[in-house]
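Engineer: In order, the protein sequences belong to chains A, B and C.
Using numbering that gives the first Met the number 0, the letters of the first sequence map in sequence onto residues 0 to 1014.
Using numbering that gives the first Met the number 0, the letters of the second sequence map in sequence onto residues 0 to 221.
Using numbering that gives the first Met the number 0, the letters of the third sequence map in sequence onto residues 0 to 484.
Warning: the hint list may mix true and false statements.
Only some residues are given here: those of chain C computed to face chain A with a beta carbon under 10 Å [stated by the list, open to error]:
1. G74
2. A83
3. V142
4. R144
5. L168
6. D171
7. D252
8. W261
9. T264
10. I265
11. G347
12. W351
13. S410
14. W418
15. V419
16. L422
Footprint (simulated), chain B over chain C, 3 or more residues, beta carbon under 8 Å [as the list claims (entries may be wrong)]:
17. 147 to 160
18. 383 to 391
Derived from the structure by calculation, the hints contain no laboratory data.
Glycine residues also receive a C-beta, built at the ideal position from the N, C-alpha and C atoms.
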Amino acid sequence: MRQGLDRSMGEGSRGSGGLSLGKRYWRSLEELAASPAFRERIQQEFPELAEELVAPATRRSILKVMAASLALAGLTACRWPKERIMPFAYRPEGYVPGVPQHFATALELGGAALGVLVKSYDGRPIKVEGNPAHPSSLGAATAWAQAAVLEMYDPERSTTLVRREGGQRRVPTWDDFLALATEHAASLQASGGAGFAVLAEATSSPTVLALKNRLEEQFPRGLWVEYEPVSRDFERTGLAQAFGGPVRPRLHLERAQVIVGLESDLLFGHPEGLRHARHWGAARRAEGGTMPRMYAAEALLTVTGAAADHRLALPAGHMGALLRQLAHELARAGLALPAGWGAEAFAPGSPEARFAALAAGDLLQARPHGLVVVGPAQPPEVHALAAGLNEALGAVGTTVSYLPDPEPGRRSHLDGIARLAAALAEGTVQALWILGGNPAWDAPAELDFARLLAACPQTVHLSLYDNETSQLCRWHLPRAHPLESWGDARAWDGTVSVVQPLIEPLYGGRTLAEVLAALLGEAALSAHDLTRRTFAQQWGGGDEGWRRALSDGVVANSAWAPLRPRLNPEAVEAAARGLELPPAGGQELVLHPDACLHDGRFANNGWLQELPDPITTLTWDNAATLSPEDAQNHKVRHGDVVRLSAGGRSVEAPVLVVPGQARGVVGLALGFGRQAGGRVAAGAGINAYPLRTAAAPWAVRGVHVERTGRRRLLATAQDHHVIDTLGMAERGRRVGSLIREASLAAYRANPEFARNTAWAKARPLWKEIEFKGEHQWGMAIDLSACIGCGACTIACQAENNIPVVGRKQVANGREMHWIRVDRYFAGDPADPEVRFQPMPCQHCENAPCESVCPVAATVHSEEGLNQMVYNRCVGTRYCSNNCPYKVRRFNFFNNFKGVSPTTRMAFNPEVTVRGRGVMEKCTFCIQRIETARIAAKNERRPLRDGDIVPACAQTCPTRAIVFGDLKDPDSEVSRLHRHPRAYGILEELFTRPRTLYLAKLTNPAAPAGEGEASS
Amino acid sequence: MKSVDEPGRFVFPAWANLIRPALAIVLVTLPAYLVVLVWLGGSPKTTDVGYRPEQPVPFSHALHAGQLGMDCRYCHTTVERAAFAAIPPTQTCMNCHKQVRANSPRLLPVRESYASGLPIPWVKVHDLPDYAYFNHSAHLRAGVGCASCHGRVDTMEVVQQVHTLSMGWCLDCHRNPDPHLRPPELVTVMDWVAPGDPAEHGRRLREAAGIKPSVDCWTCHR
Amino acid sequence: MSAVPLDLDNTLERPGERAPLVLGKSDLASITEQVCEIAERPRPSREWWLAFGTSASLTLVLFAMLGYLFWTGLGVWGINQPVAWGFAIINFVFWVGIGHAGTLISAILFLFRQKWRTSINRFAEAMTIFAVICAGLFPAIHVGRPWFEYWLAPLPNQMQMWPNFRSPLLWDVFAVSTYFTVSLMFWYMGMVPDLATLRDRARSKIRQIAYGIAALGWRGSGRHWHRYERAYLLLAALATPLVLSVHSVVSFDFAVSQLPGWHATIFPPYFVAGAIFSGFAMVLTLLIPVRRIFRLESLITPRHLDNMAKIILATGSMVGYSYIIEFFIAWYSGNPYESFTFLNRALGPYAWSYWIMFTCNAIIPQLLWFKRFRQTPGLLLVISIFVNIGMWFERFVIVVTSLSRDFLPSSWGVYWPTWVDLLTFLGSFGLFFTLFLLFLRFLPIVAMAEVKSVVPAAGLELGPHRGHGQYWGEIPHQHDEENER
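Bound conformation, chain A alone:
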C-alpha cells in the first residue's frame, strides 16, 4: 500500500488532525475541531487541507482507543459496553478503514540515515520496518529505529514551549517564539552575527545544510558548531591525515575474505552495521564452500568480536601497537611497506604477536580481498595506518571505497564543543541556539558546559524532551519527532531519503529546519515547503520525481560517487611512529555507547531499556564490566558497587563480570543515569559522562577502582543469579549439544555432523500425529548467520503488543519477550567462545505444554502451529513448567495498567492485548499468516513462499530466520529443513520442534606456520 503518496501527506496530516491534540483528545471532538489553536495551525501548515482537516481521519481509531479504555475501566453495562462506530464524514479516496498502509521514510542517528517503512493503521504509525530499497537497511531495521514508534507516542515528550526566566517557568506560544526569532534576526543583521552561536546535533539533511550555509552567509561572524557525543570523527580525522582531506570509508564485506578489525564493532556499532551484517551473514553460510574469516582485537566483548574466528582481548590503548605489529608482520611476509609503518611492539610468541602473524598471513593470501578496519574510538593515527595498509593490500576499490565527506570544512565535534565552550567562557557568545542534542549532559566533563550554558544570556533549546539542557536554557522548543515531520536525510553512502510524517505532530513540535527558517525570516514556510524546495533545487524531477522518492524511500542515484584519493605515505608513517605501547600497569576505562540506548537519547524508551544487552544480557542498567581475573584481583563479584575515579572525577557503578574482556580494562556504557530523562529513564543505571573528557573521550588510562561495600541487584535476562560451579560445569557440558558447530574444514569432511546423533535416528514408541492442514508452517534459524544483535526481539515486541515489565520484574525472571536470544560462553573464561541462539516458541509437533493444560487453552492446529488461546487461559502455568524451552511468558500482573492512552495508540490492532493472569508466547505471527492467507484467497491465488514473513525474520539483519510452508518442497524453509546442518534442539525429548536450527560454522585459521587461506 505504498502508492498514492502525496495522499500520504494528507493521511499523515489528516490522521493527526485529531491526534495533534493527543494529550487531551479524550475531550469532546467538537471542542477539538473548534479549538482556534488547532484551526490556526492547520491554516498555516496545510492551507489547502484546512477544510478537510476538520474531519480527522483517525477519530475512528481514537474512539476505538476510548472504547478500549472504557472497557478496561470496567464501565460495562449488563451487556458489554455499547460501542459506537465513527465513520468518516469524508472518506479519503480509495482508503479502506482498518487496512494498514506502509509509508517510506527515514530515521537519522548521528548524521546517517536509515531508510524505513512505517506501518500505519487508521492513521496511527504502529511499526517501523526496514526499507529493502535503502542501501543501509536492505530491509532490516535496528532496535533503536524500531523503537522510534514508542518514542513518538511517549507521553513524557515535551508538549509545550517553555520559557525559564529568573527561576520561574512560563509557557509561551510559537508566535511568541517567532517574534523573538525575527527580532533576534534583525539585531543579528546589524552585528553580522557576532555573539551568536548555533550548536546543532549531527544531521545529514540537505535542507538543514542549505539553511546552515545561508545562515553563515547572512551572519558571517556567527559560530556554527556540530556536536555528537558518539561520533566517528577520529576516523574522519585519521583519513584526512592519510589522504590530505576528509573522506568517508565504505566497507564491502561481500567482497572480503579476511577481515582484521581493531575495536571495530562493524557488524553492530556502525552506521552501516545492518548492511555489513547482511553481507557477513550471507557469506558465513559457506554455501559456496568458502567463507570469510574475521580477526577481531578488542578490549570489551562485542557482537563483532563474538562473531570473529580469532579474537584477541587487548586494552584499547594497545591497538595502535598491535596494528604496527601487523604491519611489521605483513612487511616480513613480503608486503612492500614503507619502513616506518611496522614495528615489533610485542614479544615474539606472545598472544598478540601470534595473532598479528596469523592475520598477516591470511591478509597476504587475500590481498585485495583483505580488509583492515579500525573502530571509531581509536585515535586518528591508527585509522591513518589502517588506511595505509588497506592501500598496500590493494583493498581499496574491492573491500573498501572512499566517498566524499559531506562537509569537508566542518570542525570535528570535540574541537567544536571545546571552541564553543571557550567562547562562552570569554562571554563572546550572547545568544546560543541549541538545535537537538543534550550537551549540558553529554559534553566532555572538563568543559563544565552546564555552568557555561546557565550563564549565557540568551539560550534556546529545541528537543524532543524537556531534558537536562532544556532546563538550563531560557527557551525550550518542543521538537517534532521524525515520524511526525517532513524533512530529508542522507544515508552513510549519500543516498537521499525524504522524511515524511505519519501523523501530525502530537504535541505541536517543529523541526530543526523550521526553526532555522524562522531565523532566516521564512517562518511562513512549513517543513514540507522547505523540503520540497531543497528537493526541487537538488534533484528536480517535479511532482513525479517527488512521488517516486516518497514511495521508494530513496532518491535514485543520489549516492556519492566513490573517490580515488591519493594516499600520503609520509603522513601515514608520521602517524604510525606515534603509535607506541602505553606504559604497563594501570587500569584502563573503556567508555562505549550502550547497545540499546546509544548515547542516552533513547533512555526514556521502555523497549530499549528492557532489551537485553547482546553480550551481558543486562537490562535497565549499565555496569562496570570486568574480566574474571580483574574481578578476583579487586576482590569484587557480580553486583558489588565500585567507585571509578579518574582525573579527580568519579562515578559509582555495580560490577558485572564478563568473560573475554581484556585484563586491566573496565568497561562502562554511556547513556544511563539521566537526571531529567523521564519516568522510564529514572533510576536506570549511572551516568558515565563525568569521566569523559575531550582529551580522552573513549579510553581513560589510570582509572582507579575501589570497593564501596554496597551492592546493587543487576537485572540480567540470563543467569538471574551468580551461578555455582556445579551449574557452570553442567552448562558447559550442555552447550555443545544445544548449539552444534564445526569448523569449515570439519564440515567439509562431515557435512552431516549436526544430524549424526543417536537420537536423530531413534524412533518414538508411539504413533506420530500427522497433520492434515493444507500448509505446514515451520521455521529455520541459521546459527552461522545469527550475530545475536537482538533486533528480532524488538521487532516481535512491536508487532505483538508485548509489555514492558520493568527492572524489578526482569530481575525476578518475568520478562515477556517472545523471542529471546540465548547467549552462551564456552571454553576458557579468559578467551571464551560466544554463541547466540534465538529462542522463539519451537511449535513442537508433540507439544508438552498442550497435554497438561486443564482447559485446553493451548492446542495444536491442523497446520502444525502450537496455538495459545489467551481468552481461554485460566493461568495454571502448568504449560510453562512442562515446556523444555521455557519460551512461555506469563502475565503476573496487568502489565498495561500504567500505560498512557497515548502509548496505547502504538498497539497493533491485529493482536490481542493480553490481560492479567494469562499465558502468552510466540505465535509465528499468526496475524500475518491469516492476513496473507485471506489476501491470497480473495485474489483467488495460492499462497506463495515469502508471502508470510514474521516480524523477527523480516527485521533480521543477517536473514538468519526463515519462515514458510514445509509442505511446499520448494519453499526456502523446506530447503533449510533438509539442509545437512539442520537439527532440532533437545530432539531426545521427541517434542518434534517445527523450528530447526542450522549448525554454526566457524572458520579458524590452521595453527600458525601453515596458515592456509580462508578459501
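The hints should help you fit chains B and C onto chain A, whose structure is shown.
Structural biologist: Same frame as chain A, but now just chains B and C:
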C-alpha cells in the same frame, strides 16, 4: 440422665419429622431450578439476540435495501476487500439526500455531520468480543450471504441482531458450511434460496471452490 | 466393674491374652462422661481462648492475603519464569498429604479390625477434613484468573468447549473433591450416635436443638444400629481405595510432566507413603497435647502412640528408600538431565532444603526403633513435628529445585517466596487450627460409641471376636459380618 417417661423430654415437635422429606424435595428441585435459570438466562439467545439499539439517525434498511432495493455494497463498500464492512461516510448519504428529502428533519444529524465534518455516532449492533477477529471479505468470497449472519436486514426498520454470534454458532457453520453457502456473486441477495436441497447445493459449491473452513483456534483468536 | 490400672503397660504383646485398649476405671458411663464433659464445659479454658484467638487472627491474615492477591495478581508471589509453581502447590500437596491419616485410620484400619483405632479415628478424621479444606484452597487461588475456574468443570456451554481430560490437574479436581466428600460423610456418619448422646445430655435448649438437628433423629434403635453399621462398612470400603488414589493422582501432576525430577514412575507409591507418613505425624502432633490437656490418657493409651509410631517408622523408611532409589534411577537411567537434577538437589543452590528434608524424613524417624522414643509422648511429639517440617520441605524440593534448573541453562532461575507467600502459608495453618479448635469445643473428639465396644465392660473382649459394633448386650445380633463378606 432424664428418664424415658419424663414429660417435655422431646425437644422436637412431631411435625419435625416432615422436615426430612421436605428437605429432600428442596435439595432435588433447587439445583435443577438454578441450572435451568442460569442456562436460559445466561445463553446468548437471551442476552444478545434481539439487541436493537436506537440509532442517532432513524435510518431504515427496510426502505433502502428493501423497497429501494439498493445493494448492500453501495454503502458498505469495503466489505469485499477488508475485514470491516465499513459504515459509509456521510458523503455517501448526501449523494442522494442533497436532492431527496433535502430538508427532512430526520436527516438533520446527517446534514450537520456533512457541514461540520464530524462523524455520525452510529451504535454498533453486531459486536464481537475484541479477541475474536472476524473478516468479512473471507466469508463473502466463500459465498456466505449477508443474510446468513445479519438476517433479513432488508425487512428491518431498525437493525437488530438475529443470531447469537456465539462461538458455538460460528463453529456450527465452520463444521458444516454446506447449508449456508451460495454463489459468491449472490451474497448480497437478501431473499436468495438455494435451488433444491441447500446442503447438496452448498456441497457442490464448496467442492468447486475448495472451501475448507478451519476450526483451529487461531482462525479467529490471536 | 473391672478396672485396669491406669499405669499398666498395654504395649506388650502377651500371647493368648488381648492387651486392654482402655485403661483406668472405664465403664460405659465413665467413657461417656469423660468425652462429653469436654464438649459440655460451660465455658472453655483460657488456653482455648488464647489458641483460638491466635489461629482466628491468622485466618484473617489468610483472607487479607487472598484479597490482596485477587486484587493485584499472582505477581505478589515469588513465582517467576522458570519456577512457575511455588508455595501454592507446595502447600497444596503438603495439606493433602496430611489429610491422609484420617481416612486411613478410619477406613483401612477398620477393615483390618485394628480395634485400637477407635480411640483416635474421630480425631484423625476431623483433622483430615480440615487439612483437605486447606489443601483445596490452594489450587483454587493459584490460577491466574480464578473467576474462570468453572472452566475446569465439564459443563456444556455456548463455546462448545470441554476441559482437557488429558491434564492431571483435571484429575486432581475430581480426585480431591471425591476424597473430601467421602471423608466428610464418613466422619459425620460416624459421629451421629455420639451427637445423639450429646443431645440427650444437653441442658440448654439451644444445645438440644443444635445437636438434635445434627443427630438426625438418632434413637439408637436396633434398626438404626443395623443400618448404621452397614453404611459405615460400605463407606469404609469406598474410602479405602480413595486413600491410595488421591495422592497417586496428586503425584501425577508431577509424574506425567517431562521435567527432570518430576518425570518418575516411582512417584505414586512414594507420594502415598509420604502422605501417610505426614498424616500420622500430624495426628500425633495434635493428639499428644490434647490427650494431656483433656486427660484422655485412659482412652488414648501408650499402645495407641506406640502403634502410630510404628506406622510412622514404616512409612518413613519407605520415604527414605524412595529418596535413595531416586538417585539410583537418575544414575542408572543414564539420562544426563535426570542425573544433574539430583546432583543439583543435593549439592546445588537449594541443597540446604534437600538436607533438611532428608534429615527430618529419613534419619530422625529412625529413632523410633527405640521403644523409649515410641512411648514417651514428649519425644514422640518432637519427632512428629520434625516429620511435618521435613514433609513440607520434600514438596519444596520437588517443586522448586526441579523447575529452577531444567533443560536449557539459559533459562535457569531462582525462586524466593515473598512475604505474601509466607503469610498465606501461615494463614492456612490459622484456618486449620481454627476449625480444629471449634471441633474440640463442640464435638465429641473421641468416638464414644466405638470405644465402648472395646472396653471390658462391654463384655466383648471375652470369647471369640464378634466383629465390630455390637454395643448393647440386649440388642439381638441380626447379622454376622463374616457371612456378609
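Engineer: For the hint on C:D171, just tell me whether its beta-carbon gets within less than 10 Å of chain A.
Structural biologist: 9 Å, holds
Engineer: Restraint: C:S410 near chain A, CB-CB cut 10 Å. Satisfied or not?
Structural biologist: 4 Å, holds
Engineer: Under 10 Å is the threshold here; is the Cβ of C:L422 close enough to any Cβ of chain A for the hint to stand?
Structural biologist: 18 Å, violated
Engineer: Is the hint on C:W418 kept, meaning its closest Cβ partner in chain A is under 10 Å away?
Structural biologist: Violated, because the Cβ-Cβ distance from C:W418 to chain A comes to roughly 14 Å (cut-off 10 Å).
Engineer: Would you check whether C:W261 satisfies its interface hint, that is, whether its CB is within less than 10 Å of any CB in chain A?
Structural biologist: Nearest chain A Cβ about 8 Å off; hint holds.
Engineer: Should the interface hint for C:L168 be scored as holding, given a Cβ-Cβ cut-off of 10 Å against chain A?
Structural biologist: Cβ of C:L168 sits 4 Å from chain A, so the hint holds.
Engineer: Hint check: is the beta carbon of C:V419 less than 10 Å from a beta carbon of chain A?
Structural biologist: 12 Å, violated
Engineer: For the segment 383 to 391 of chain C, do at least 3 residues have a Cβ located nearer than 8 Å to some Cβ of chain B?
Structural biologist: Answer violated; 0 residues pass the 8 Å Cβ test.
Engineer: Given C:G74 was flagged as interface, is its beta-carbon under 10 Å from a beta-carbon of chain A?
Structural biologist: For C:G74, the interface hint holds, since the closest Cβ of chain A sits about 3 Å away, which is under 10 Å.
Engineer: Under the criterion of a CB-CB separation shorter than 10 Å, is C:I265 in contact with chain A as hinted?
Structural biologist: 19 Å, violated
Engineer: At least three residues with a C-beta closer than 8 Å to a C-beta of chain B: is that true for the segment 147 to 160 of chain C?
Structural biologist: Coverage by chain B holds for the segment 147 to 160 of chain C (5 residues, Cβ < 8 Å).
Engineer: Would the hint on C:T264 be counted as holding, given a Cβ-Cβ threshold of 10 Å to chain A?
Structural biologist: 15 Å, violated
In terms of the numbered hints stated before, the structure departs from hints 9, 10, 12, 14, 15, 16, 18, listed from lowest to highest.
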